[in-house]
Each structure stands twice: as C-alpha cells, then as structure tokens.
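Turn these sequences into a full structure, and let the hints steer you where they fit.
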Amino acid sequence: MIYDAGSYDVAVIGLGHAGCEAALATARLGLKTVAFAINLDSIALMPCNPAIGGPAKTNLVREIDALGGQMAINTDETLIQERTLNTSKGPAVRALRAQSDKKRYQFNMKYTLEKQENLDIKQAEVVDIEVENGEVKSVITKNGARYMCKSCIVTTGTYLRGRIIIGDVSYSGGPNGLFPANELSKCLERLNIKLMRFKTGTPARVDKKSINFDAMEIQPGDEKIKPFSYLHDEINVEQIPCWLTYTNSKTHEVIMRNIDRSPLYSGEIKGVGPRYCPSIEDKVVKFPDKPRHQLFIEPEGRNTNEMYVQGMSSSMPEDVQIEFLRTIKGLENVKVMRPGYAIEYDCIDPTQLKQSLELKTISGLFFAGQVNGTSGYEEAAAQGLMAGINAAMKLLNREPFILDRSEAYIGVLIDDLVTKGTNEPYRMLTSRAEYRLILRQDNADFRLTEKGRQIGLVDDERYERFLKKKIQYEEEMERLKNAMIVPSDFVNEYLKSKGSSPIVTGITMYDLLKRPEIDYISSKLIDKDRPEDIRDDVAEQIDINIKYEGYIKKQLEQVEKFKALENKKIPSWINYDDIKGISIEAKQKLKSIMPTSVGQASRISGVSPADISVILIYLQSRR
Amino acid sequence: MIDDTIAAISTAVGEAGISIIRISGSDAIKIVSGIFKSKRNIDLKTVRSHTVHYGFICDSESNEVYDEVLVNVMKSPHTYTKEDIVEINCHGGYVPAKRILELVLKNGARLAEPGEFTKRAFINGRIDMSQAEAVIDIIRSKTALSNKYAVMQLSGSVKDKINEIKKDLVALIAHIFALMDFPDEDVEIFNDGELIDGIKNAIKKIDELLDSSEKGRIIREGLNTAIIGKPNVGKSSLLNALLNENRAIVTDIPGTTRDIIEEYLNIKGIPIKLIDTAGIRDTDELVEKIGVERSMEAINKADLIIFVFDNSRPLEKEDYEILSIIDDKNVLYVLNKIDLPSMIDLNEIRRISNEKYISLSSVTKEGFDVLENTVYSMVMENGLSNNEFLLTNMRHKDALLKAKENLMSCLNTIESGLTEDFVSIDLNAAIDNLGLITGETANEDLINEIFERFCVGK
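For the protein sequence lines, the chains are A and B, in the order given. Numbered according to our numbering, the first sequence spans residues 30 to 652. Numbered according to our numbering, the second sequence spans residues 62 to 519.
These aren't lab readings, by the way, just hints derived from the structure by calculation. Each hint should be verified, as a subset may be incorrect.
Said to hold, decoys possible - Not the full set, but computed from the structure, chain A residues with beta-carbon under 10 Å of chain B:
{"id": "1", "residue": "Gly83"}
{"id": "2", "residue": "Ala85"}
{"id": "3", "residue": "Ala121"}
{"id": "4", "residue": "Leu466"}
{"id": "5", "residue": "Asp606"}
{"id": "6", "residue": "Pro638"}
{"id": "7", "residue": "Leu648"}
No residue lacks a Cβ here, since even glycine has one placed at the ideal position from N, Cα and C.
Listed below in structure tokens is the structure:
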C-alpha cells in the first residue's frame, strides 16, 4: 500500500554532509524541502576520522562558507581542538584542521536543520524514485509513503548496498552499525544509471581508560584558534590534545603473519579503495622498508572515552586488530570498543552528470557526495551545497551555478568528476588545483561572497561583514602605495632588527612590504599614519598580495588563457556525428561527456588538440 | 589555444630573393618591437597600421645583428587572421629566416601548426562558411602528416631522454605535494640542496638535448654525408647512381629543408646532404686532387661516411691512410664494382669493416637496396652512435626551451627564499612543456607518484 505523504519542491535522500548542505540550501532559497535519513540520529555522521579540514579540504570548507553553506559554522561551534598546518610553507597550502566533537557536530547540525524554515526532516529509507517523461515526479519510502517532488537530490554516501567486511566476517550494513540502503540501487539501475563499486575503511575506536598516554607524545592545539567561518572572529574553548605514537616491527610482524586473513589480499574485497587512505596492512605490505608508521590517537568528543586510532585503518579480523594494536607503545593493554572495518558500497559514475550535478538523462535528478565516487566530509558537503543551489536555480528558472577551475576548489572537484570521472574514491588535493595560488583558503570570501549573495544564500550579516573587510583592504592597499617612508635612524634601526637592509632614499610602504622579511603588522612601528583598526585577516591579505604579487600575476595570466577556451561554449544541439574529421574515440567520449565548453572538451582524455581545432571550426561555421 | 601568438616562415622553402616570417596574435607587435632596431628608433608599438619599416633584427640579449629587414605592421582587424600581424622580410635562403624565426619564438611566440594562420583566419570569421570543410580537411591531413613526421623525428633515444627528465621532475614535484598535502605525516623533508640539484640536473639534461638539436638538423636539413675513397674506386658512379634514383624532392612538410649550396638526395625520406658536392662530382678534379688531406676536411664535416673500396683492385696504402683518420666516425664500408672480377682481399675487408660491409655495383645496381636500407636504419632506428640524441623538430626545441625557462624560474624562486609550493608552480609548467613533446599529460602521473613513493594517508 502506498499512501500520499505530501508534495514538495525538493526531496533530499540522505542527510550526511552532502545532504545537510543540499537541504539547507534549497530550503533557504525558499523551496519546500523534505529530507530523509535512515536514522535521524545519524544526521551529519562522521563515520571515519573526527576531523574537518586539512590541505585543500580547508579551502573547500571556507568556499562553502563564503557561499552561505553550513559546514564551517558547524565546525567552529563544535570543535575541541584546532591546528594550522603548513605554517612554514606558502599561503597557497596553509590549512586548518579542527578536531570535532562528533556527537555535538551531529546534533548541532540536526538542530540547525530542524529550525530551518521550509525544511521537513524524516526518518525513512527511500526505496524508489519515480520518473515520468524523463522528469522526477516523486520518491517512495520503504513504509509506503509517496512524496511528490519536482527535484530530487541523491546524497546516499556509502549506504547503497553497503557491505561491512571485518576479516573473514562480512555482512550487509551501512556505516558505523547503521542499516544499509539495499533497494535504491535497483531503482537507479532501472533508471539506466551506471553504478560502480567502491570501498573505504576505518580504524578501531579504543577506550581512553585503557591507554597509557605517558608513553606517547602530546599533540596540543594551537594557542589561538582560527575560525573556519568568515562569520566568526574568535573561538574560545578548552582544547583537548591528540597523542602521537608509532607502529613497530612487532606490529608489522603480527600483520604479516595474518596477512592471509586479510580480505584485501584474499580477494574478499572487490571494490576499489582509495590509495590515499591505505589500511595499515596495505602500508606494511607496500612499504616493507619503513620501520614504523605514525599513529595519532584522537578524541572523538568531549563527553566520550572513545578514541580514534588514526593511521590504523584495517579490515583484518577483530582478534588480529586487537593483537596488533597491543604491540604499540601506550596501547599495550588497550581495549577495543569498535573494531575497524572496510565498507563496500555502490556509487555512480559521475561522468553521467552535468556540471550542475544534475543527471544528464533525467531532468531534476541531482547527485552529490560520496555517491558520486568521492571521499571525505568536505568534498561531500561542497557537492551537496552545489547540488542544492542548482536544484533551486532550476526550479526558480535561473541559470545553473557553475564554478570553474580558476574560481574555486569546488570547481576543480566537480569538473574533475564530471569530465574525467574517477576510478577510486576521489579526494581533493592541492596538486589537483592548477591555480592554487589564487584559490587560497584565506581569500575564499573575496572569491565567492558576491556570488553567494547573487544566489541568495549570503544573508545581510555575512554580506555586510564582507563589504567592511573588503573596503578596509582596498583602502589600506591604496594608502600603502602612497605612504612614503623616509630614511631615518629609527626606520633603519627597525629594518636592521628585521634583518633587512637600510634605506637611503624614500620608499613607499607598499614597496617595503615586498621584502620577505618585513611583515605588515610589525611595520606599524615605522608607518605612522596607519589606521588603528586594521583587522588581522585584512593584514594577512595585504601581506600575501604584496609579497607574492609576481607569482599571483603569473597565475592570473594562466587563468586568462584558461578562460579563453572556457568561454567558448558548445551548444547543447551540437551533433558530433555531423562533424567530419573527429577521431572515433573522441567522438564517443564527447557524446557521452557532453562538454559545455571547448575548454572542458579539451580536458577529456582521448580528445586531441586536432579534434579541438575541428570543433572550433565547426562551431564557427554554424554561427 | 587561439589567444597566443604564432609564427612561421611563410615563404616557400628554396632559393628566393627574400623570405618572410609571419607573426600573428595579440603579442605579435610587442614581440617584434623587442628585436627590431631602426636607425630612427622607431617603436613598432606606436606605428600606424599597414606601414613598412626598415631596420635590423637583433638579439637584445647578445646584441648580435641577425639581418637587415623590412617589417610590415598590420593591426587587427584588417588582416588575414583578423589579429595583429607582423611580417618580417629578410634576405632569402633558409638560414637567415630560420634564425629570425627562432629568435621570435624565444621572445614569446609559438611555432604555428600547419595551416594555423588559415585556421585562425577562419575562426576569427575572416573566411567564408563554405570553406569550412576544406579547412578542416587541410588541418586533418596536415596534422596527420606532421604528426607522423614528428613521431618519426622523435627518435627513441630523445623520447627516452625527455621521459627521463620528466620522470625526475615528477618525482620532485610529487615529493613537494606529498609534503604539502600530508603535512602531519612523516614524509621526509628534502635534504639540503636536493631540490636545487634535481632542478639543475634537469636543466643540464635539457641543455644536452638542446645542443643535440644542432645535430638534429640531420633529419631537418640533411645527413651530412661524404663519399670517400682513393681515386678511381667509383665514388662518382656511386653518387650518380644514387642521384638518379633518389633525386631530392623539396616538400612543404615542416622541418624538411635543403641548403641550396649542397647537393641533396633523399633516401626513404631521409634527406642526404652530400658534402662538398662539386668536388666529389667533378671526377677529373677528384682523380687528380683528392688525397688524404682533402678527405680529412670532408670527414670532419660528415655525419656519415661512405668509404668505398674497389673490388677489382687490391688494397693499397691509400686505403689504409684514409682508414686511419676515420676510426671514430660513422662509417659505411662499401665494396664497389662487384660486377668485375674480385682482386681484393675479402678477409681484410671483413676485418676492417668488422664483418659489416655492403657489396654493390653502380653499374648493375646490385646491392643498392641494401645500402639504402642500411642508411635509413642507421639514422632512424639506431640513431648515429656519436649523435646519441637527435632533436630534430623545431616544435620540440621550442617546448624544451620553455621548460628550461620554467626551471630557471624555479631556481630563482628557491634563491629568493620562497617555499617549495612556489617552486611547484613553475615545476608544473616545465613538466607540462615536456609533456607537449612526448604527448603525455602529467597530472595523473603525479598523483600516482605521490602514492607510490610516499606512505601517506590515513
């Protein structure tokens, strides 16, 4: 029996990190939204590490924030430790990492959803998506409820036909002891959507009481916490440390002795796992010369004794996990609370999607997050936000919102997915972003706040904060170009103290700041007319933009070249069969990917520069 | 793709009063103004469109004057490509034009693909629609041809060498990224000087390749070949027989050329330039004058020596004298006149040639196919042993120069005390430029390398 459960603009299937952003975005843009989770207590679950951020991922989080998403705010509100990474390196790779209180992260997000106008959240497993004339019509739950909807966003993470593997034990299951979603895959197959099978894994959680921290090295947080969200100026919370320890030859011996019981090596696991998230057995086998591997023992929250053993991801049998954990310094008497496991799940081949994350073949059906073959909370949230925005843009009859590779890490992420696809869970890396020097985490607000405002997700508070910052930055840059510093004993004394050469003629403050050893904040000493109220984050922008001007300019030139081809649009009516002179392989790829610009076409493997020339000429001739 | 500036020699190859180098694109005027010097200090950037200017092309770095020229400046949109076009009219012959072109490329232009001026004219709306198909055909066929040529010209050893450089650089950048993307993990930091040494080493290898590009003219301009032997061994009859069968044909395939001073022939697509042709062809003169000393000169210039013995006469002192001066050269030993009764000590020939000699007859043409095959495979398959790396394609050279420039910027970055992530920007560019030669992109290589070499990830 199926009953009518109401009518919505948007239905979101799954409330992990992608689903939360998607549901909040559509509801905030005024669309009546319903969102489903298999278990409402699993909203915004962090089934793997208890951390947000890191290189490249920080950029994603801050981009989400600048566009009006929730992840950064929620992280700031629930973190229990934070560190700035890569401080000794350049600004392009500096990053934040927050340890989260997992449960607080979840419930804080859940409450945010609950309070959101236009949004209803439901505990239900969606088993079917009904499509009529190539358009989404409704979704149906296991309990027989039919929700009519104009758009549907699938954010099912690792739940689709999830299978848990621990050594020689395996069973159907979702992450972290939750139920899997076994029926929706069949529906997707029926809709002719190509599925893939991926795998990921997580380490054991152990009992804090059973750990000897004296044998480990303490890893405290930074003295001053830098907020992820541009809305926050400071965060003052008591921080909880992490702990560093190492595997040793005994650990490796236990693993090698039991390697035949590893499902990875016995062939039990068939899904493709990520290389950047190797299990400990992988590391030991692949890098036999490495005498030890480092492990971080991280708290899962403020009010729990569960500790996450980062670096020990494993799908070995439970008894082997216990045995090898106990070879580690400080873990000699450790008690395992939850064993590590591997999970296999269905995801879709993301090249079936448009840049807007809408499926090419079904109008109104969007996909975001791990179901698109990615890995990581931040990657999921970024896609969720974009899918939510684009589902809304479509229903509001507005243009799709696409970020390109020169505008945001989000743009790199989605372009990689829909243009190149992926054959392992995709993780964002700084090395994937060609224009990383301008896609910094510190300037995401400068890059994206205006865009978020146009979309309608940036509220007045955020927008005014941004404008204030922007005006202060621009005025101060202008002033620095005209602020003359004349040589004097005092000035040269300051320069000397900074290890800088003295000046003999007048020089502008702007030019002086080009010297690597002179920083903006300390140079206040010799810059008499400097305003008192310059914000720290404005000072940071000034330092970066003056010091690295030459490199930034170089990247901007590269961006200009890139844009030229991005701006050559390929109309949707193009028929590659009509074009003589394109290789057969290129033709097949072009027909399946359906690139929207010549630039995108040029990034498809198998499409040669000669093919691109032919397309350009064809397009010209039809103009 | 069509926002950069392209250049090519646009006059036909061969002897002519003038040659024209055409440059098209937004930087065309800027590039030429940087290498153009006139007596009245005309700045090409400020001249009116469609004007002609007299002056000299000079390398601003070395101050060397290349040629006396006339320069036409034509500004967008009233030009063939609808872009800014500058044409440099220089003295005829291949060498001045080629050197000026190289200078233009060094200053920021890219070598035009076959048919690219026409393509741009088309894309910019200059040519009418009905010509579309024709243009596509031209690009297709020319690309196929030039690709075939480029592949042919990229001998195995060059490709290996470039891949080797690329591999070294990918290893460096993968290390940088492993450090950047996995800051908390125990990826070993660079040893002192490791990064600088790695980059310098790559620059050194690129320099070696660039040096070899001079040798690379073998395929571009011809294999310098000397036919030597004592008088009356049949050098001229061999030469004439070769010429009759393989008279050089000048084509418009990019990269092929001929130097009008020399005599050319073409063996299976390999241009052969006969050194000092006049002397060798003039049999009378040869008989009287050629001696060890004369041979010496030809031998020094030669990439390949065809050493001819006479089957109908015994070996003599002169044979050994010539032999003594060619020991470290690429030598093809030819036993001519096998249509006549053999009077030569074949065991000795075997010893001299290390069992590798070709028996032929200029009269019956017997053995000519063997000779041609051998020449071909010496060049194409083995490379010539003393010219290990042949860089023959101007496009390849262009890309190598750019890669080198990128690597020099890397060194500057390191010297100015900036961190490795800044180095990665130019390092990436260098790898991309090398990838243009071998036709492979680096990004996936790089990510594979990170995970293969470093134990990172949790």
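To see whether the hints hold, each was checked on the structure:
1. Among the interface hints, the one on Gly83/A holds; its C-beta lies about 8 Å from the nearest C-beta in chain B, closer than the 10 Å criterion.
2. With 10 Å as the threshold, the beta carbon of Ala85/A comes within range of chain B, its nearest partner Cβ sitting at about 7 Å, so the hint holds.
3. With a cut of 10 Å, the hint placing Ala121/A at the interface with chain B holds, because the nearest CB-to-CB distance is about 5 Å.
4. Against a cut-off of 10 Å between C-beta atoms, the interface hint on Leu466/A holds, since the closest Cβ of chain B lies about 6 Å away.
5. Interface restraint check: Asp606/A against chain B, minimum CB-CB distance 15 Å, threshold 10 Å, status violated.
6. Using the Cβ-Cβ criterion of 10 Å, the hint placing Pro638/A at the interface with chain B is satisfied: the shortest such distance is roughly 8 Å.
7. For the restraint placing Leu648/A at the interface with chain B, the shortest Cβ-Cβ distance is roughly 9 Å, inside the 10 Å limit, so the hint holds.
Going down the numbered hints, you'll see the structure goes against just number 5.
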